[in-house]
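Heads up, the sequence shown stops at 576 in the working numbering, and the numbers go up one at a time, no gaps.
It should be emphasised that the hints constitute simulated quantities derived from the structure, not laboratory data.
Treat the hints with care, since some could be wrong.
Here are the simulated lysine-lysine pairs, BS3-like style, with alpha carbons at most 25 Å apart [as the list claims (entries may be wrong)]: (1) Lys373 x Lys402; (2) Lys564 x Lys547; (3) Lys564 x Lys373; (4) Lys373 x Lys395; (5) Lys395 x Lys437; (6) Lys547 x Lys557; (7) Lys402 x Lys547.
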Amino acid sequence: MSDLPFVAVIMAGGQGQRFWPLSTPERPKQFLDLQRTGRTLIQSTYDRVVGLAGDSNNVLVATAARYVPLVREQLPDVPRRNVLVEPMSRDSAPAIALANLLIERRFGDVVAGFFSSDHLIGAGQGFSDVIRTAARTAQTEDGLVTVGIKPTRPATGYGYIQTGESIGSGYKVGRFVEKPNIHIAESYLDSGDYLWNAGIFVWRVSAALAELDKYVPELMGPLRQAVQEDRVEEVFPTLQRISIDYALMEHTNRAYVVPAAFQWDDIGDWVALERHMQHEDIGHGANTVVGRHIGLDTSGNIVYTEDPEDVIVTLGVHDLVIVKRGHAILLVHKNRVEEIKTLLADERMGGLF
Numbered sequence: 224m225s226d227l228p229f230v231a232v233i234m235a236g237g238q239g240q241r242f243w244p245l246s247t248p249e250r251p252k253q254f255l256d257l258q259r260t261g262r263t264l265i266q267s268t269y270d271r272v273v274g275l276a277g278d279s280n281n282v283l284v285a286t287a288a289r290y291v292p293l294v295r296e297q298l299p300d301v302p303r304r305n306v307l308v309e310p311m312s313r314d315s316a317p318a319i320a321l322a323n324l325l326i327e328r329r330f331g332d333v334v335a336g337f338f339s340s341d342h343l344i345g346a347g348q349g350f351s352d353v354i355r356t357a358a359r360t361a362q363t364e365d366g367l368v369t370v371g372i373k374p375t376r377p378a379t380g381y382g383y384i385q386t387g388e389s390i391g392s393g394y395k396v397g398r399f400v401e402k403p404n405i406h407i408a409e410s411y412l413d414s415g416d417y418l419w420n421a422g423i424f425v426w427r428v429s430a431a432l433a434e435l436d437k438y439v440p441e442l443m444g445p446l447r448q449a450v451q452e453d454r455v456e457e458v459f460p461t462l463q464r465i466s467i468d469y470a471l472m473e474h475t476n477r478a479y480v481v482p483a484a485f486q487w488d489d490i491g492d493w494v495a496l497e498r499h500m501q502h503e504d505i506g507h508g509a510n511t512v513v514g515r516h517i518g519l520d521t522s523g524n525i526v527y528t529e530d531p532e533d534v535i536v537t538l539g540v541h542d543l544v545i546v547k548r549g550h551a552i553l554l555v556h557k558n559r560v561e562e563i564k565t566l567l568a569d570e571r572m573g574g575l576f
C-alpha cells in the first residue's frame, strides 16, 4: 500500500443520539446492526480496515471508557492494549491528537488512517483502493489527506470539500464548507468541483503532529506533557472541545483530498437509514418497515421494531418515524428528526438517555 506501515484507527466514542430509542448511552449506534446484516456498524468498519492494516495488531479503537466492554465483545481480535480510552468526550480533535501521540510512541512515524465507526460504506474493492491511494499521497506530498465522496444528489446534511489544484490521484483542498442549503448544494453538484466530506483522514503521524503543534498549540502542549507524564486521564477533560476540521483541516496548507465513488453515508438519522433499507423492507404504501406493521391510508413512514411480539398499526398518517424499543416509543415527523438531540436534552427525558 505504501512504503511505511499502516495503522488504522477506528473512532468509536459517539453516542448516536439521533437514533434514539434504538441507540442509547448503554449501546450507541456504532454497536448496533441497523441494517440487520449480522454485523454491527463497528464490526463492518473493522472488516474494511483490518486488511489494509495487515492484521488486528495494527488496528486501534478510540472510544469512551464506558464502551470498552462493548468494543471487546464485538471486536475480540483487537488486542486489549489497542483500545485507546478517551477519559471524556472532547470532540474529534483531542481524540485524534491523543491517538497520534500514542501511535508515534508505539509504532513510530507510520501512516495512520482514521475511520468513523458508524458510517455505511458499500461492499467491494473501491474503499480499499481509495485508502491505498490516500496513503501513497500522504507520503509523496507529505500532506494531510482526506477522502471526498463524489456527490450523487444535492445533499444538505453533509459538509463539502472544494477541490483545488490537481496532484496525480487527488487534489489540493480548495476549502472546506459547512452544510449548505438546497440551492447551494445544487450549485455544488452542477459545478463538479465539490465532494462530500467523508471524515476519513490519512497521514504520516509526523506530518499531523507538526500541523497540530502549529495550529492548536494550546491543545498540543498540555496533551504532549500529559502523555509524557502519564496524566492523560487528569488532563484530557480540561482540553478544548473542538473538531479536527475546525482545529486543523480548515487551516493547514498541507490538506489534500482523494476523490471516491464508493457508496458512503454517515447515516446520521432515521431518514438517512431509510435510503439503505433492503427492498423487501418496503411495505405497502411505500412505508419502510422493520418488524410487523399493518397500515391503512398510510405512506412514507419509517416503522421500526425489533421485538417479534410487537405489531405497529397505522391509520391515516404519513411521513412519520415510528420506532419502538422496550418501553420507549418515538413518533416524529421526518422533517424534524434533526431535533431528536434537542428533545433528549429536555429535563423531562432524564433517565431515558
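Evaluation of the provided hints:
Taken as a hint, the Lys373 and Lys402 pair is honoured in the structure, with Cα atoms around 15 Å apart against an allowance of 25 Å. A hinted pair counts as satisfied when its Cα atoms are at most 25 Å apart, and Lys564 with Lys547 qualifies at roughly 17 Å. This hinted pair does not check out: Lys564 and Lys373 have alpha carbons roughly 29 Å apart, beyond 25 Å. With a CA separation close to 16 Å, the supplied pair Lys373 and Lys395 stays within the 25 Å bound.
Distance restraint check for Lys395 and Lys437: the Cα-Cα separation of roughly 19 Å lies within the 25 Å cut-off, and the hinted pair is therefore satisfied. Taking the CA atoms of Lys547 and Lys557, the gap is near 16 Å; set against the 25 Å cutoff, the hint holds. Simply put, Lys402 and Lys547 have alpha-carbon atoms about 30 Å apart, too far for the 25 Å limit, and the pair is violated.
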